Amino acid sequence: MSARTKAFAAAALAATLALAGCQAIKQSAADIIASTGKVSKEDAQSLVKTAEVLRSTFAEITEEEEYYIGRATAALILSRYKPYRNEALSAYVNVMGTALAYSSDRPETYGGYHFLVLDTDEVNAMAAPGGFVFVTKGLVRRCADEETLAAILAHEIGHVAERHGLQSIKKSRLIDAFKVLGSEASRQFNSEELAKVTGIFEGVLGDVVETLVERGYDRKFEYEADKLALAFAVRTGYSPGGLAEFLTGMEERKPSGPAAGWFKTHPSPADRLARVKIETAALGAVPAKLDVRTARFAEAVKPLR
Amino acid sequence: MKKPARLTFFFAAVLAAFVLLLAETVVVKVKTTGVRRDPKFTSAILASIKAGEPLERLEAQSGWIKVKTKAGVVGWIHSTAVEARKVNLLAMDKTMKTQASAGEVALAAKGFNKQVEDKYRAGNAAADFAAVDALEKVLPTAAEIEAFMKQGKLGEYGGAR
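Top to bottom, those sequences are chains A and B. Count along the first sequence from 1, then add 69; that gives the number in this note's numbering. Count along the second sequence from 1, then add 3; that gives the number in this note's numbering.
Don't read these hints as lab results, they were simulated from the structure. One should not assume that every hint holds.
[Unchecked claim] Sample of chain B residues at the chain A side, in silico, Cβ under 10 angstroms:
| id | residue |
| --- | --- |
| 1 | Lys-32 |
| 2 | Lys-43 |
| 3 | Ala-47 |
| 4 | Ala-50 |
| 5 | Ser-51 |
| 6 | Ala-54 |
| 7 | Arg-60 |
| 8 | Gln-64 |
| 9 | Gly-66 |
| 10 | Ala-87 |
| 11 | Phe-115 |
| 12 | Asn-116 |
| 13 | Ala-125 |
| 14 | Ala-150 |
Quick caveat: nothing in here was measured; it's all calculated off a predicted structure. All C-beta atoms in this analysis are idealised placements derived from N, C-alpha and C, irrespective of residue type, glycine included.
The following block holds chain B by itself, in its conformation from the complex (with noise of 0.2 angstroms):
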């Protein structure tokens, strides 16, 4: 009785190992968006998310994932702001112990980032880039685009056709 029982334990570890590994993840690739309520972007936002994020995957809806961070925190993210997590079959002795941080993962990778941004604003003076940040920060909240649809009859505002 003793032994299968530890042999349970055994194979029901390993198991729950490879399901961690193989359970659908989603990373998140833009800045910083929200896990949403309903599957709309006027609808609350649960939980504030960063680029790199893994985002267990639950269901798919017309452009919709339904996700759980990390939090435990379930809601609805639009597929554009999400990937698959990579799994690299040529690299697989890495992924196993890179497959926990598969956001870092992403981040780790080198490209045109914000040290690049540097060295050309240091040489480019004319390029205006504070006139780019100011633009960056005017960010309409959800309310003033429900309002917006709202007042102009438009979306799930509108008549018939």
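If we strip away everything but chain A, and leave its shape as in the complex, we get (with noise of 0.2 angstroms):
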């Protein structure tokens, strides 16, 4: 034999013992909870197999999976705010949050990021999971130039990379679905299982639009999305100043009420601006606000003044 055949022999015969390795560990899995004699062989088997496929936490939902949830979450959010018709404004804003989630941690996702100003005077932004980020035009109204409100596309940028609407799901309701949707593999379900599945996936969207919406999420996940926001922004070649500069409006014009829309689904911005701050201060060395972009901004706002 030939040093090249021996190479080859070995290499094959190596190969060969992963394998087998491999088999074994499974036999013997079964074999184990066979041996304990409470469990017929079969059971063992199939109890293995489970183990395969039953998935636990929000971490395991599919990318698929989310942007199911994500469309069925902007669907509902859409039948409480219109769209405002705008092809240039909208135009302005999926450019430039295109451009930011190109940046971020997170640029690719099942169906991509899309962005939307919704017909309202309410000051609100929120991101479905997925990429479904909206804007209201209260908040756009709010924005001094396009720092700011590529520091608000950046934070929503921000809850989506980090998945904070599908940690907003119920750990009992996570639990329930992976029981159904991992029971075997194919991809049509029964109408039995389909209408359990459905009743699940709408407990689901309950969990998420009561968050994004009603709730807010925990203050945690707030203050991720504004340093994420900080280095979404600064990687794309934004002054980091627009968050500080949304946040100082926004502590300086707030309701002497009851909190409500964006108020109530977020820490009080003073808060937020004495992180905001810190964080940007170490920074470092970071982009200039140019007059370039104040200027489109202000061409694209325009039918909103």
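Taking the hints as your guide, dock the two standalone chains into a single complex.
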């Protein structure tokens, strides 16, 4: 045998042993379970199989599932608010948002990022899982320049990148979902399964929409999204000052009555501002605000003024 | 001479089979994306690829992976668009026959899918899916994004800090 043949043989043998080893692990797991005497050999095999497919936490929601949760969440948001119809503004917001998403930690999602201005004077911004980002007309009116709007979009992209929306789904609901979803590998549900899964899906949407629209995220998620907003904006080439400017403006115009909309779903602007200032100082050299961007922003939001 | 030659062929075939099995493969996990000429989003798209398509992983560089498609196109894809092929050690016997179609395996997983959405829509007429469909159609092109960056002196068009 030549040296080359020997090398081939050795490699092939090693690979065969590796495969044989894996098969042995599976068999021994089943044998151990069966050897307790409490379950039959067949049941033991299927237990091993079940362990392979069961999921348990939000992190195991697939990108495709996240997309369908996001689509339905967006559909529910759009049943409350209508899109603001202005093609030029829509194009401006989508190009800016996509540029920011490209510089984020998660530029690619199953269905991509999409940005929409909502036709309401309420001041709010929210992101459905997977990348459907909404900002209200009222909020855009409060932005002084492109850096400010970029900061808001980047904050929402931060929520999407970290899958904060999915983390508002109740654990018990996920466990129920995964029990049905993981039962066997087939893409089609029978009618009984479909009714069950759709019921769980409705519950999931309830959790997500309630968090986005009514209750707001846990404040730790808001602080995290602020930190990411600064990073994503700077990576794109924006001055990070937009976020502090926006929060300062919100603090000054804080309503005196009970908190509603943005003020209800977000921690106090003063509280966020204090953290943002510290984080901005830690960024070091950052891009400056430019007149060319402020001018095109003014042009794009003209119909709202 | 004849026998060792046959032996060499046999081992080479076995080895080739394992190399194919163990070659680094990633699977597309987003609905659709592009394999790009350079590792940046505004770079030209050489091939469009869909969820479940397996790609050969050639090298990696700051968030981007150089890949080769089934059709032989070599280019770059962002790491967040793919996942490592899941080789399930406990299911190695099944894997033997499914390795060739890892994409199909990924697609076969049950979950919240179109079927569930359709069922949900049937019972929730108020949810405005038509508006969501319209929103999904708004897709800025790479050229538009590049022009926006250039005009606003963003990204690579930005000045000194």
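Structure-based check of each hint:
About 5 angstroms separates the beta-carbon of Lys-32 (chain B) from the nearest beta-carbon of chain A, less than 10 angstroms, and the hint is met. The interface hint given for Lys-43 (chain B) holds, since its Cβ lies 8 angstroms from the closest Cβ of chain A, which is under the 10 angstroms cut-off. At its closest, the beta carbon of Ala-47 (chain B) sits 15 angstroms from a beta carbon of chain A; the interface hint therefore is violated under the 10 angstroms criterion. For Ala-50 (chain B), the interface hint is violated, since its Cβ never comes within 10 angstroms of a Cβ in chain A; the closest pair sits about 16 angstroms apart.
Annotation: interface hint on Ser-51 (chain B) violated; nearest CB of chain A at approximately 13 angstroms, more than 10 angstroms. Restraint check, Ala-54 (chain B) versus chain A: the minimum CB separation of about 7 angstroms is within 10 angstroms; hint holds. Hint status for Arg-60 (chain B): violated, given a least beta-carbon distance of 16 angstroms to chain A, over 10 angstroms. Below 10 angstroms, beta-carbon pairs count as interface contacts, and Gln-64 (chain B) has none with chain A, the closest being about 15 angstroms; its hint is therefore violated.
For Gly-66 (chain B), the interface hint holds, since its Cβ comes within 10 angstroms of a Cβ in chain A; the closest pair sits about 8 angstroms apart. The closest approach between the C-beta of Ala-87 (chain B) and any C-beta of chain A is roughly 14 angstroms, which is over the 10 angstroms cut-off, so the hint fails. Hint status for Phe-115 (chain B): holds, given a least beta-carbon distance of 4 angstroms to chain A, under 10 angstroms. Annotation: Asn-116 (chain B) was flagged as interfacial toward chain A, and the flag holds, the nearest CB pair being 6 angstroms apart, inside 10 angstroms.
Restraint check, Ala-125 (chain B) versus chain A: the minimum CB separation of about 9 angstroms is within 10 angstroms; hint holds. Interface restraint check for Ala-150 (chain B): the shortest CB-CB distance to chain A comes to about 8 angstroms, inside 10 angstroms, so the restraint holds.
Going down the numbered hints, you'll see the structure goes against 3, 4, 5, 7, 8, 10, while the others check out.
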